[in-house]
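Enquirer: In case you want the letters, here they are:
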Amino acid sequence: MFFLVFQRIIFQFLLDILYFPLWWYSGGLRRVVIGLYHLLQDANATLAPGLWVRHVFTPMYGQTDIQGRLMSFFMRVVNIIGRFFALVFSLSMLVVLLVLWLVLPIGIVFMIVHVFLTQ
Amino acid sequence: MEFQSQTPLPLLPYRGQDTHRRMSVGVVLRNTLLFWGMSLTRGDIAFRRVRIWLERFELLGSVFFGVGLMSFFVWEIYDQERMADLLTFEFWWGSPALLTLLVWFSLTSWCFLLYRNIARKKEIHVVEQYDDTVLQNKEGMVGTADSWEQALATYKRKKRKDIARVATPDALRVIENAVLLAHRYGAESVSAWHVFYALLGSDSVASVFVRLGLPPKKIQAKIAGNFQKNAHRKAQAVPLSDDVQQIIFQAYEYAYEAKQEYLHVTELLSALVRQSVAIQELLYDLHVDESKLRNVIEWLRIRERLQKQHRAFQKAASRRSKYGLDKAMTAVATPFLNSFSQDLTLAAKFGRLEACVAREKEIDEIFRIIEGGRQSVVLVGDRGVGKMSIIAGIAARMVEENVPARIRDKRLVQLSTSALLAGTTLTGAQERLINIMNEVARAGNIIFLIDGIDDLVGSGGQGAVQGLDVSETLAEFLGAGQFLTLSTTTVTGYNQFIVNSALGQVLARVDVDEMSTDQAIQVLESKVGMVEYKQQVFFSYDALEQAVVLSKKFLHDQNLPESALAIMTESASFVHTTKGINTLVAGEDVASIVAQKTGIPTTSITDDESTKLMKLEEDMHKQVIGQDEAVSLVANALRRARAEVRSQKRPIANFLFLGPTGVGKTELAKTIARTYFGGEDRMIRIDMSEYQDKSGIYRLIGQPGQQGTGILTEAVRQNPFSLLLLDEMEKADPDVLNLFLQVFDDGRLTDSVGRVIDFTNTIIIATSNAGTAFVQQQIVAGVPLEDIRQTLIHGELKQYYRPEFLNRFDGIVLFRSLTRDETKQIAGLMLGRVKKDIEAKGMSFIVEEAALEALAEIGYDPEFGARPMRRAIQDKVENQLAELILSNTLHRRDRLILGEGAMIRVESA
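Line order of the protein sequences matches chains A and B.
Going by our numbering, the first sequence opens with residue 1, and the numbers climb by one from there.
Going by our numbering, the second sequence opens with residue 1001, and the numbers climb by one from there.
Hints may contain errors.
Capping the alpha-carbon separation at 20 angstroms, the derived lysine to any residue pairs in SDA-like fashion look like this [what the hints assert, rightly or not]:
id, chain 1, residue 1, chain 2, residue 2
1, B, K1597, B, Q1706
2, B, K1327, A, Q12
3, B, K1121, A, F57
4, B, K1121, A, G107
5, B, K1327, B, L1346
6, B, K1122, A, L22
7, B, K1322, A, A45
8, B, K1121, A, G68
9, B, K1322, B, R1303
10, B, K1315, A, H55
11, B, K1694, B, Q1706
12, B, K1229, B, I1219
13, B, K1156, B, K1327
14, B, K1327, A, N44
15, B, K1327, A, I17
16, B, K1327, A, G28
17, B, K1218, B, K1121
18, B, K1327, A, Y61
19, B, K1122, A, Q12
20, B, K1121, A, L22
21, B, K1327, A, F57
22, B, K1122, A, V77
23, B, K1410, A, A45
24, B, K1121, A, L51
25, B, K1121, A, G28
26, B, K1553, B, A1595
27, B, K1410, A, L51
28, B, K1122, A, L15
29, B, K1159, B, R1022
30, B, K1122, A, N44
31, B, K1322, A, Y61
Everything labelled a hint here was simulated from the structure, so no lab data went into it.
Since this is a predicted model, take the numbers as computed values, not measurements.
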């Protein structure tokens, strides 16, 4: 019984190590993409540029006179642009993270090979 | 409540072979093949346990290599003084030293750590989404799959569900432990008892049993005593018994029906108990029944749910503006309103409002009304039922944005009535209100809340502001539909001021009823954590249940759950001070708090008390001489009441005491008040001779429309646990007597303002001299007492009382005239009081038999009972004493002897 379990554990350990690269680009990638997507959703909910677009002609702070409406419109346009850029920025950060995930193992392997070759 | 049994699920035949160990049990339900996908052989269980250690080893190993290699690299670089090279391209790319490999290997270790850490956590699988449209095909659709071959052929990929994947680690461990336990004992199969034993080892189930006041270790020891060791079976595989297979799948069904995400140990526990009759019997022996178990399990769930909600809530709250603005910034600032109000959504955002439990139904109803287009809602319910708690629940949901579109992204603002009135006149307040309303209408993102709207409407309401009536103003704004209003009021407030006013037309009524016992227990369960934390004590389930049950039963003028919450908080601090920290608050502690508050014995009957109850007659005879029949009748009624085998819908007992004056009718009533209610001050005495005409009714139940004017109703309302003595009943007007018909029968009476007064905890004693002369005559003629009573009821008494009135008494007790011997005993009792006074002055007082004889000679009068004796003692004994004391002839430690001819001799010390 003990040996049987011990044998299986050793086998499992080897399997864990061998599975590492395969997992990185299959199951791992999937989990990372899902995680990043959730982060993007959070950012979108916080910045809410869509809501501002919908309300672009609604006066802010209930200022319904013509000056108020005009100022509101410009203020909202500025806000929409600002929020849009913030969202684009967070999206690009997420893309960078994703690319990092994809490139990192290859990079490491490449560097190790490179070090050996230049010796 | 008895445990229910469960309908067996149509499980597929068990496959015991090793090849099927990942799909040995299954069932087809809701067009899906549910199966237990985790092998339960001993080898696999052992492997999984060691696997956890392997995982830890892998994680630690990768951290070790990650940190180690990197440190080694830094140290080497520092040692070779090449720190400056680190930033050069040449160092890393051009001609990299072998040393740089350390960095790459370290990074690999970190990646491995990431890999193991993410992959270790299995992707979360949840219980199927509850589907109302799917019929529960537990029976009837059994034919969908009879064999594994058929099931596997029909249900593929998404039509299969591995329920082991949705079980929490704790639940899995319980099943595994049960299997291992069965192995250890070499059992034929894994039985429900093995699962029960394993369940008791799980922390959450152990805490359930601790809350029930049952130490899990003791139950485990009891169960283990029944296991038989069977050494030669040890090596063989142990299959799951039918019971255990059912338990696993039933538990999944409970999780599904309760819309839980995962299969928890608590569901296993419910399924186990319902499956096994033997375990039910064990629990009955331990005083645990279905409702108890269900409520404790609910307690665990509430705690889990509140934690989860709290996390989700915080995330949602972080997105909400703290300046009261909506997300699109269309709202108008409300400086005027802000100075007269409190922003509840803001309070909710910062977690200052308490959680709302078990009121989903009411909140949903309010939302339905709002969605349906009605502008305004009024919550109608008595004080303490939790109206503001519902409002807090709405505020929390608004923060979570889990509300109808019409009130999404809005503020809930509560008007402060005191701020509105502070430092201004009524017209000023009215003006302020109009300004506030205008601002609310303009702001556009405000839901206005008026707590106690009846205070602002109509004068003369409870706590109303005299003369202030803004119903027209309110109706004008609310009717125009410019903004939404939530308001609260009491039932009387609604009926008096709102229903017929202009406001009544615009406010949609939502009734908030007093909570049921189960709901109130759930509320307590949700709030008890805070109290436990503050007072550092722990509540047993029994304590919570008692708090609810006793406050429902005994605190009539308060409502659940507020009354029970107050009792709970008080018991916690009581236990904290009396027993110290980290102790358990038991049901008895709560009962003793209620007993202290109400003066009624609510704790369970102790041995001491039960002996006292058993010899109640003896005790009562210490104060009441003779009248054996009356005493035993009363004693029996008291015993029934204390053991709670009486009807709970009537007064504890109604007696009519009939007899001549001075025979002990009032004395017996006093004795009852003392023995049962704990003191003579628990007696409400009403002289019925004062109610000889019809107007007396209003003095008893109050003048119409005026609160607190009823002599009888107010007395009983303030002291619901008392003895009600109605003296000289026959002198009252017949219409006044009619009032009591209902009291005697239903134990309730409605007073002049419509409040129902509860008489179910009173003992009612009416005394009467009616027919006394007749009784005396008959007794002298030697007619037996029982016969006299019959003739009395059927004849003599009808002059005074109607038959239906007499019929409502539990007992009509005849008091006999006192005999000479009894009068002597009474003299002894009365002299006892004199003796006490003398002893207080430092002298002793001795009464000789001859003195009693002399007193009886003077004081015995069969017609007037014990009263002449009192006069005799006054004249003969007390007068002498007064003379002695005034003449200064007495000294401390003197012996005063009442002897022959009731004369006092003084023996100097």
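Enquirer: Please go over all the hints and tell whether each is borne out by the structure.
Expert: We went through each hint and held it up to the structure:
| no. | hint | in the structure |
| --- | --- | --- |
| 1 | B:K1597 to B:Q1706 | violated (28 angstroms) |
| 2 | B:K1327 to A:Q12 | violated (53 angstroms) |
| 3 | B:K1121 to A:F57 | violated (48 angstroms) |
| 4 | B:K1121 to A:G107 | violated (27 angstroms) |
| 5 | B:K1327 to B:L1346 | holds (14 angstroms) |
| 6 | B:K1122 to A:L22 | holds (17 angstroms) |
| 7 | B:K1322 to A:A45 | holds (17 angstroms) |
| 8 | B:K1121 to A:G68 | violated (54 angstroms) |
| 9 | B:K1322 to B:R1303 | violated (28 angstroms) |
| 10 | B:K1315 to A:H55 | violated (25 angstroms) |
| 11 | B:K1694 to B:Q1706 | holds (18 angstroms) |
| 12 | B:K1229 to B:I1219 | holds (19 angstroms) |
| 13 | B:K1156 to B:K1327 | violated (47 angstroms) |
| 14 | B:K1327 to A:N44 | holds (13 angstroms) |
| 15 | B:K1327 to A:I17 | violated (49 angstroms) |
| 16 | B:K1327 to A:G28 | violated (36 angstroms) |
| 17 | B:K1218 to B:K1121 | violated (35 angstroms) |
| 18 | B:K1327 to A:Y61 | holds (11 angstroms) |
| 19 | B:K1122 to A:Q12 | holds (16 angstroms) |
| 20 | B:K1121 to A:L22 | holds (17 angstroms) |
| 21 | B:K1327 to A:F57 | holds (15 angstroms) |
| 22 | B:K1122 to A:V77 | violated (45 angstroms) |
| 23 | B:K1410 to A:A45 | holds (17 angstroms) |
| 24 | B:K1121 to A:L51 | violated (37 angstroms) |
| 25 | B:K1121 to A:G28 | holds (12 angstroms) |
| 26 | B:K1553 to B:A1595 | holds (12 angstroms) |
| 27 | B:K1410 to A:L51 | holds (15 angstroms) |
| 28 | B:K1122 to A:L15 | holds (17 angstroms) |
| 29 | B:K1159 to B:R1022 | holds (17 angstroms) |
| 30 | B:K1122 to A:N44 | violated (28 angstroms) |
| 31 | B:K1322 to A:Y61 | holds (16 angstroms) |
Checked against the numbered hints above, the structure breaks hints 1, 2, 3, 4, 8, 9, 10, 13, 15, 16, 17, 22, 24, 30 and satisfies the rest.
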